[in-house]
Structures are given as C-alpha cells and as structure tokens.
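Asker: Single-letter residue listing:
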Amino acid sequence: MSKTPLRSALLLTAWIAAFFCLLVGGVMVYEHLTASSNDPWKSPQLLALKEKLAASPKSEPLQNEIRELDLKYRRQFRHRLALDRTGAWLLLGGAFVLVLAARKAAALNNAPPRPQRRLDDGEHSRKLASRARWSLAGVTVVVAGSLLLIRLANTSAIPGNSAVAHKAPVEDVPTLAEFQTNWPRFRGWDGSGVVAWDFKSTPAVLWHSAIPLPGHSSPIVWGDRAFVSGGTSAQRKAFCYNITNGALLWQRAIENVPGSPAKVPDVPEDTSYAAATMATDGRRVYVFFANADLAALNFDGSVAWTKYLGPLKNPYGYAASLAIWGNTLLIQLDQGENRAENSKLVSLQGASGRVLWERIRPVPASWATPIVGEAAGKMQIITLANPWAIGYTFPNGKELWRAKLLENEVVPSPILGGGFVLVVSPSSKLIALRADGAGKVAQAAAAWSTEENVPDISSPVSKSNLVFTVTSGGMATCFGINDGKKIWETNLDTEVQASPGIIGDNLIVLGQTGTLVTLQAGRDCHETSRIQIPDKFVASPAFADGHIFLRGMTNLYCLGPVANALKKP
Amino acid sequence: MFRRLKIIGALGLMLFLALIVCAEQRFPPPDFENGYQLPTTSTPAARHLWLQYGDTAVFLAALGLAVWLIYKKRSRRWLFCLSLFSLAYFGFYRRGCICPIGSPQNVVYALFNPNYAVPVTVLVFCFAPIIVALFAGRAFCAGVCPQGALQDLVLIKPIKVPLWLEHALSIIPYLFLGAGLIYAATGTGFMICRYDPFVPFFRLSGSTFILTAGALFLLIGMFIGRPYCRFLCPYGGILRVASLASKWRVRVTPDVCTQCQLCEQSCPFGAMREPTPPGTNPKWLTAERRRLGWLLVLLPVLVLVGVWAGSKLNSAASKVDPAVALYERYARQQIKPVQYSAMSPEALSLQRAAENPDATLKAARDLQHRFILACELLGGWIGLVIGLKLIALSLRQNRTDFEPDRGACVACARCFTSCPNERVRLGLMPATGEPASL
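Those sequence lines, one after another, are chains A and B.
If you're matching positions, the first sequence starts at 1 in the working numbering and goes up one per residue.
If you're matching positions, the second sequence starts at 1 in the working numbering and goes up one per residue.
Take the hints with a grain of salt, since some may be wrong.
[Stated by the list, open to error] Simulated pairs of lysine-lysine, DSS-like, Cα-Cα distance not exceeding 27 Å:
#1 Lys313(A) x Lys160(B)
#2 Lys104(A) x Lys160(B)
#3 Lys127(A) x Lys72(A)
[Claimed, not checked] So the derived label-pair ranges between C-beta atoms look like this:
#4 Gly326(A) x Gly293(B): 38 to 44 Å
#5 Phe209(B) x Asn298(A): 37 to 43 Å
#6 Ala46(B) x Asp266(A): 45 to 51 Å
#7 Glu65(A) x Ile372(B): 56 to 62 Å
#8 Glu355(B) x Asn298(A): 28 to 34 Å
#9 Val29(A) x Arg396(B): 52 to 58 Å
#10 Ala46(B) x Asn298(A): 42 to 48 Å
#11 Val29(A) x Leu51(B): 49 to 55 Å
#12 Ala111(A) x Leu49(B): 50 to 56 Å
#13 Asn64(A) x Asn113(B): 39 to 45 Å
[To be verified] One-sided and incomplete, this derived list gives chain B residues near chain A with beta-carbon spacing under 7 Å:
#14 Ser311
#15 Leu313
#16 Arg332
#17 Ile335
#18 Leu393
Honestly, the hints are just simulated from the structure, not real lab data.
Model, not experiment: these values are computed from the prediction.
For every residue, glycine included, the Cβ atom is placed at its ideal position computed from N, Cα and C.
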C-alpha cells in the first residue's frame, strides 16, 4: 500500500509520542536511580553520622547535623514522589497518543479481508475437538506438575507439620554408651546422679580454674571438655574447660537473641541468672538463662542457634535444668504463681532449635528438672511441680498419667529406682510412685511414702534396693526402696544444697561450705572420707572420666586420686 | 512493517521504564531515639455514601447503555466510546475500585465470616453484570470493564490464537476464581484484586511484580486480543457461564448469513464459530458416544483426585496467609536469625510475634486447619472444571451459520460491520434487492 499523507502524519505522531515517552521515562528512571543513593535509610553519610552519635550520644552539633541531613533527604524524597506522579501522568498521556496513532496507522495499512468459502465436512471440527482435548490434558499436566512442585518445595516451621518432619536435618546421635560414659546433663545422662565406676582413694583437688561469671548451674562433661554457665543482669556466658588441665578453652556470650528484651528480669542472687545446668548431645552444648535466652553452641564455641522462650514469670528466678535424650532437648518452663500462667513442657530439636511440641501444664513455677527414662515398660518424661507429678510419653510428649502428690515449692528432681518413680514433696514426703497408671491416678498409685528427713532442695539418689536423701540441714538418710523404711540416718554436720551422687559404692555429699563427704552407699552407715575445699557450693557434682567436677562460687574444681594431681594452669 | 515493529518496540520500552519508576515505594519512618511515639496509622475515611450510590448509578447506566449499543444501535464506535468512558471513570477516576472482578470475593468472605456485611454497592457491582449476562451476554466486558477497555485500546495487530489452544487455556480463569475464593473464604485476602495486573496503572503505583505483569499483559495485548479477559479473568469466567444461558445473543448479521467468513476474520478474540455440517457421520458416532461415556465416568474420578490432591496442599497454600507467614518467619528467625532493619515491617512483625509466640502459633495453626477443607474444595473444583471442559469438547455442536460463541464473545461489536448484509443495512454498501451472498 502506498503511503498516504494521513498515515505518514499518524506515524510521525506515533514516533513523537514514543520519543516523548522515552524521554519522560528516561528522566524518571534517572531521578529514581540518583535519588535512591540519598535514601535516608541507607545513606552511608547518615549511617556514619549515626555511628558517631552512638559513640558520643550527647553531642548536640552531631544531632543537629543528622537532623538537617535527614530532613534534606526526606524533602528530596517527597520531591521525587511528586516528580514520579507528574511523570506517570505525562507517560500515560504520551502512551495514549502513541497507541491511538499506532492503531490508526496500522488500520490504514491493513488489507481488508477477502470473503472465503470453507466447506466443513465434519472432519475439521472433529480434529479441532481432539486437539483441544489433548491440549487441555497438557494444561492439566502443567497445573498438576506445578502443584506437585509447590508441595515438594514446601517446608513449614509450624510444629506437627509433616512437611517439616520430612525436611528435618538428620544427624548422627551419640550412642547410649557415650551418653552413659559422659555427664551430659544435670545429674548425669539419666538424671539419677549415679555412675558405675569406682572411686577407691580419697579424692583430692587436681586443678581448679576460675569461672568468670557467677552462677549456680552444675558442670556437665563430654569427652575432654567440661561446660558451665554464668551470668549477671549485664551478661550471660557459657564456658568451656579442658578437663585435663582446667584451661578455659573458650567463653561465649549469649546476646542479641531475637525477641529477647534488653531489660532482663530481676533474679535474686541466691538463684542467679545461670541456675539451669547446661546439657549436651555430644554435638552441641545447650545453655539456658533466667531471662529465657536459650542457645545452642557448637563445640568450638560458635553459636549454632538461639531462641528466646520468654517472658518467664518466676518469683525466685528460673532454675530448672535442661534435659536431653538423644538429640531432643526438653525444657520444663513452669512459671507464675497460680496454675494457669502459661507453664509448659517444651521439646526442641537439638540440631535446629525447632520446637517439636509444647505441652501446657496446669502448674505454677517449679524448679525441678525433668528426667527421661524407661518406667513401666515405656519411655517416659517425668516432671514434678505443685501439685502434679506428670508422666509424658517420649518422644511424642503425650500425657500418660498425672498424680496429685506434691506441695510447696518443688525443687528436688525425680529419679527412677526399684521400679518406682521417686519424688520428693519438699519438706513433706518422699514418695515411691508406680508409673504404670493412665490419666489422673489416685494417691494409691504411691507404693509408699515417708515423712522422715525429707529434703527441700536436694534430689534423692538410689542404688540397688536403697534410696538416699540429704536434707538442707545435713541429715543423710537411707531408706529401703521397696517399703520406704528408714535404714539409717546420720548428721553430716554441714548444710547441703547440692544433690548427692553415687560413684560405685560411694555416696558423695557436697556441703555448702566445701565439705565433701564420702559415705558407703550401703545398708550400713560408714563415712569413708571427708575433705574440705575452700569455696561455697550449691551446684551438684558431676562424675566423668574417673573424676569429680565441682562448681564453686568462683572456681571449677576437678577432683581425682591424689597421684594425678596437677598444678593449676 | 519494520516501522510498525519499531513503534511497538518503543512502546514496549516505554512501558518497561514506566513500571520501574512507578514501582511502589515505602518510606521508612524517622529513626526517633528521644521517645517520640509515631502517630498511629489511620485508615482514610470511606467514600461518602451518596458518592457510592452515584458510582452504582453510573455503573448501571453504563451497563444498560452497553446493552442498547450492542443490540439496538449495533455500533462498535459508540461502544468503543463507552469503554473509553469506563476506562476513565471506573479505571483512572475510581482507580479500579470498586470493580465487579473482585466482588465475588466480598460475597464469599461475607458467607464465611459473619462479622462482615457486604455493602449494597458491592452486591450491585457483583450481580448486575451476571444478571445482564443471563439476558444479553457479556455486555459488561464489552463496554463497562476498564480492564477490558485498556486491553482493547492497545490492540494493534491481532493474531489468532489456535482454537484448540484457546479451549485449553479457557479453564485457567476458573482455577484462578477457585483459588481467589478460597483465600477470600479463609480471610487470607482478596488475591484476585491483589494480582489484578491493571489496577496499578489506574493508581499510578504498585509493586514492581504487578506492574511488570501488567506491562507484559499490555505488550501481549498488542497482538493477542484481551489476553487477561480470555485466559485469566475469573469474573469473565463467571460471565462466560452466565452467557451460555443468555436469552438474547449477539447476531453478526441482521439477515441471512452468507458464510463469507469475514466476521470470523474480524473477531480478534477467537469467539466466532463456523457452521457444522448437518447430520452425523455414522462411522464416528460410536466412538464419540463411547468417549462421552468414559468422560462422564471420569468426571467424579477427577473430582475425587482433585480433593485428594488438594488435601496435600493446605500447608503450602496457607503460607500466603499473613498469620501463617508471620509464624513461619518467626520460627525460621529462631533457627537462622536474619538481621532486619529497625522498624522495618519484618522487624515489627517479628517483635509482635515474640510478644506472644503461643498466640501466633495458635493463629497459624487455626488458619492452616481452615485451609484443609478449603484446599480440598479447590482441588475438587479444579477436577470438576477439567472434567466438564472435556465433556463440553466431546459434545456435538449444531450450527448452520457463522455465529459467536455465547460464552467466549465479549460483545465488542467488531464483527457487525464486517458482515456485507449489515453494511447494506447501514447503507455502507449498495443494496442489490436481495441479501448479499457469495
């Protein structure tokens, strides 16, 4: 078709409109790119000034300079917005002219269609329908494939979601023997406070090493390393020591935990910010503080993950220790002063920190540490708090039974022994409970109970058919585990807060003023040794690698046979 | 030809630049450190009621005018003018809201959330075009829809989409409709509105993603007529079904069809259907009946498979919901912390979640639970749509003349003046005394 003057004019109009649009668009893009460097949120100049201000927060000139620069950038930003808006309208107008001119020019250039004759014998329609069905099948496959991809790519962090379980990181877990060889949590791998190896000679301090921050948490041991935590309202840290010579290998501050408020709760000095004993699965160590900051640290001291589990309401400060079984971490987050204040038992995946499940608990704050073990033929998690002793299945956390047995502020942790769960209602009763019930079990589930010499802080310890307790006043008592009858009692002449432990045939009791008493863990009361360590002790001892580890107020101590004594590093 | 391509290229470049500069920006709040409390963000007051009724009146008038222009006046020119008015009024003046395309979501949201009452204006915008479609086809698409008008405007060199592909792609609007309605029913949001590619142009602001999508639709729309209306618009899907039962239908010729195919060539939307031969070839009859029988059996199977597949998607689908997304972000933050800027929306949301993680988790779980049924329904719906479309493609059509497909025809009136008999009627061609024929 030959060019008509009208078509030429339309094309020229379209070109002018296109040029106009490009010009306007180019200016807008240029403005956009140059102005973004003056973004008050990202401006290097402004950020540098703010850093300076952080160093000298009172500097009035600096503050004014920041204000002026901020205002300048904000004005520029508003100006750019106005320009963008004007530009958008200009662009729209230009585009409108361009489209109209181009449409008209195209219409002038189009050859009019010519009439055609098509005789459809039905074959064409049939083929068309067939193709349409196949293409519909193709679209269906694409849609189904897309949905399948979405499904496969989906991971969810919401607990109980199967997609997460599918994607959960898998890692090797140390064997049970490794857990038993080490001291991975409060009172050993099963929370019993008992190790099988023997300790014949009188223990002596091999080394002691300063702990830079205070805390009442007990030491834990894995391999050649011992770990303790310490903290104040200003800082909270985990410490790692070489157990051969007591050298402090690293210390890691737990800070900037997402969601954790800057202001920590007030915690009495008698409890400390680091009262909860750490735990380890041999791959990472886990530490929890009274401000509800939880952290997993790799063995080189680097942070694997952190999590804030608070806020926690605890009148004396949180003190229940972490429990671990395999790579599952358990935290008994009991809190508040009545029974409906968000107490819960939380299970977390050690590798990722992902919450596996949470169980709401109808109890106020407690300070006892849960244990995991086989009771009545089932793996159970046993927890204590006023008034309920509750058994949950492990690892799922379904409540198996609960018994209303406890009074007061529950501090002593439960143990398993003689086929019973041994629980202490502080200063009230020592109870042997059968853990084979279901639902709310009556007090009849208690095989026996005794009110003699019942401790209020320390946990019991059991060996063979005996169970031993030590009161805060220092009264050590031995009971028969089958009937709860007292076999012997003795006054150790020292105040005790640490839970006793058993090494082979020795009952180890650590007094608050540093008296370490060794008694024969048998039916006869016989003190085999007594040594004095010049420190104050409330944390429970750890037994590993043939040594005893004690956490004093200022030092970590390693005790062993005198022949192995080493100098302090 | 080369020049035309250059013009189109220039237009494309211009649109690309436009979407970059128009991308929505959120200005960070000032970094106050002296305890100054930022004022609470307030929501602008609703449009005055009489103005809303005014909009409704304009809408109904435009709808009525469109019907008159299509069936009485039979004028493409005036219909184009009406669509330009609708683009200006409902598009740029009303900024694409309120609009019938998203209104089914309001209705579904109200059905599942007793605390929400649908405004009368929304009901009118939702149902008036459907009622009109039941009598007079897609008059709304022809002259009242601003999205349709915008696409019509940029159509420069239409290319035919093969009919078999047109059929296959025509199920997508129903899938989008189903997804949009389940997200509305669960209270997650109005996805059909959120992903409307043209509203950001009306508002001169929007996310880069949607602006890009809108620009792509306009670029494609230069060659393929109304791509959004035909292959994505969920409301168009509803009107397509309603139009199948319409009392009146668009007729190309006022008289006898000459079967010249000029109308078919004039339709840029692939809506014209050719006549079918009379009778049925006996050699195909058995196979066609058997196929239809199998497809009827397949229909419930597809629905059940869809329900099953949908039940597996609730976790993924629920992630769009803000409550679920918040907990997901919060949980992932616990595992692998990401440092967000202070007072950024992410940081603020995490702060909110950290204040009560249990409540956040509960809200997320509740939503995920609601999505179980919703996704099963969506899966069943997808199976039903595919099954019904397969059956529709296996049914024999009887047409003696070229005529528009009732569902696919957007009643744009382009085909009217392509018909020689219509041109005779309008006096554009000399009358021969008999209807023109080949």
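Asker: Evaluate each hint against the coordinates.
Answerer: Hints versus structure:
1. Lys313(A) x Lys160(B): 71 Å, violated
2. Lys104(A) x Lys160(B): Status holds; Cα separation ~20 Å.
3. Lys127(A) x Lys72(A): Distance of about 69 Å is beyond 27 Å: violated.
4. Gly326(A) x Gly293(B): 38 to 44 Å: 58 Å, violated
5. Phe209(B) x Asn298(A): 37 to 43 Å: 39 Å, holds
6. Ala46(B) x Asp266(A): 45 to 51 Å: 49 Å, holds
7. Glu65(A) x Ile372(B): 56 to 62 Å: Since the Cβ atoms of Glu65(A) and Ile372(B) sit about 57 Å apart, the hinted range of 56 to 62 Å holds.
8. Glu355(B) x Asn298(A): 28 to 34 Å: 30 Å, holds
9. Val29(A) x Arg396(B): 52 to 58 Å: 56 Å, holds
10. Ala46(B) x Asn298(A): 42 to 48 Å: This hint is violated: roughly 56 Å between Cβ atoms.
11. Val29(A) x Leu51(B): 49 to 55 Å: 37 Å Cβ-Cβ, so the 49 to 55 Å window is violated.
12. Ala111(A) x Leu49(B): 50 to 56 Å: Distance hint for Ala111(A), Leu49(B) holds at roughly 54 Å.
13. Asn64(A) x Asn113(B): 39 to 45 Å: Hint violated: Cβ distance 52 Å, outside 39 to 45 Å.
14. Ser311: Violated - the Cβ of Ser311(B) stays beyond 7 Å from chain A, reaching only about 11 Å at its closest.
15. Leu313: 6 Å, holds
16. Arg332: With a minimum Cβ separation of about 6 Å from chain A (threshold 7 Å), the hint on Arg332(B) holds.
17. Ile335: This hint holds: Ile335(B) lies near chain A, its Cβ roughly 5 Å from the closest one there, short of 7 Å.
18. Leu393: 5 Å, holds
Hints 1, 3, 4, 10, 11, 13 and 14 from the list above are not met by this structure, while the remaining hints are.
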